[in-house]
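Q: Residue strings, one per chain:
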Amino acid sequence: MFYAPSALAQDDIAALQECLCLPELPYVDFSLEAERQAVLDSWPLLRELYPHPAEDPSL
Amino acid sequence: MKSIVFCGVRGGTGTTSTMAAIGQALHALDEKVLMIDLAPSNLLNLHFGGSPTETKGWARALVDGRPWHEAATELQSGLHVLPFGLLNQTERLRAPQLPRLLWQSDAARMAALRAQYSVVLFDLPSTEVTNSSVMLRSDLQIVTTEADPASCALLAKLPPDKRRHYLITRYDPVSRVQRDIRLLWQSRLGPNLLPQVMHRDASMVEALCSKAPVGRYRPESLAAQDAQHIAAWCQSRLRSLE
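Heads up: the sequence lines are chains A and B, in that order. Taken in order, the first sequence gives residues 1 to 59; the numbers are from my numbering. Taken in order, the second sequence gives residues 1 to 242; the numbers are from my numbering.
Honestly, the hints are just simulated from the structure, not real lab data. Just so you know, not all the hints are guaranteed correct.
Stated by the list, open to error - Facing chain A, according to a computed beta carbon distance under 8 angstroms, are these residues of chain B, among others:
#1 C152
#2 V177
#3 D180
All C-beta atoms, glycine included, are put in the ideal place defined by N, C-alpha and C.
With the rest of the complex left out, here is chain A (with noise of 0.2 angstroms):
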C-alpha cells in the first residue's frame, strides 16, 4: 500500500475536490511515481524489499 505524499497534499487535494464538487476526484501523484521507481531501480535490494503492489506475490 502506498501512502499519499504528505498530509498537507491531501489537504490541497481535498480542498480542490471541493471546490470543483468532486469528491470521487482521483489523485495520482506521477512525479513521486517515478521518484519512487527510480530509487527502486537504484537499489536492487531496496526493490526486493518494497516490490511495487503489483509485483508483490503477498498481495
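Following the hints, put chain B in place on chain A, whose structure we already have.
A: Chain B alone, transformed into the frame defined by chain A:
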C-alpha cells in the same frame, strides 16, 4: 499518566540517547517525566550523570528483594530516571521476566506513579520489539530505525501494527541512499513514519561523553532541536488520546 515505549528495530540505532533527549525535552514542555530503563545494558543512567559502575536499579532491587522505587533518581523537579541496574551473567538470564515482576510487585506504588507523573518513557531492548507486553500496553510505541539497508530488511519483516510509529535516527540528508530509503518509508509507512527525524549530529555523541542529554549539553544543536520537535509531536499525540 501516559506511556511511551522506545525500541530499536535493531541494536545501535541510538534509542537510549534519543529517549534521553526526548525525555528532557518533554520535561521542558512542562510534563512530569519518569524514564525507566528496561535494557540490561543499563546505559540510560549515563545520560544523566550516572556512574558506569553504579549497581543501583529497579532490576537489581527486585533480585535483591529490596524496594525498587528507591533506585529512582531525581534529576530536577518533575524529571526522574529509574535505571535498570547491574546484574551478573546468571541474573541476566531472568531479565526478560523482570518487567512483569516490576508491574506486579507493588500495586500501591504503581498507583502513586500514575498520580505523580504525566508521562512515563520506557527504553526497551531491541530484542523485545515484537513480543513485549510493555509495547502492547503503552499508549505510544516508537521504533527507532536508521535509514540503512539492514534496518530496511528488519523493518520489512516486522508484522504490521498500526499503533507502531517509526522514527528515523542519525539521518544524514547528504546521503543519497538515506534520502531514498526515507522516501520509500514515507510511501510505505505513511502517517506511521514520524515527520521529524533525528539528524546525525556529533553533539549526540559528545553529550553522552559529557553524561548529559543533548538538550542540556548543547541546546542550540540540530539534534536538540529535533528532540524538541519530536517531544512536541509526542505531547500532541498523547493529548489526542485523552
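Q: Against each hint, give a clear statement of whether it holds in the structure.
A: For each hint, the structure was consulted:
A cut of 8 angstroms between beta carbons decides the hint on B:C152: the least distance to chain A is about 5 angstroms, and the hint holds. For B:V177, the suggested interface contact is upheld, since its CB lies about 7 angstroms from the closest CB of chain A, less than 8 angstroms. The restraint placing B:D180 at the interface with chain A holds, with a minimum CB-CB distance near 4 angstroms, inside the 8 angstroms limit.
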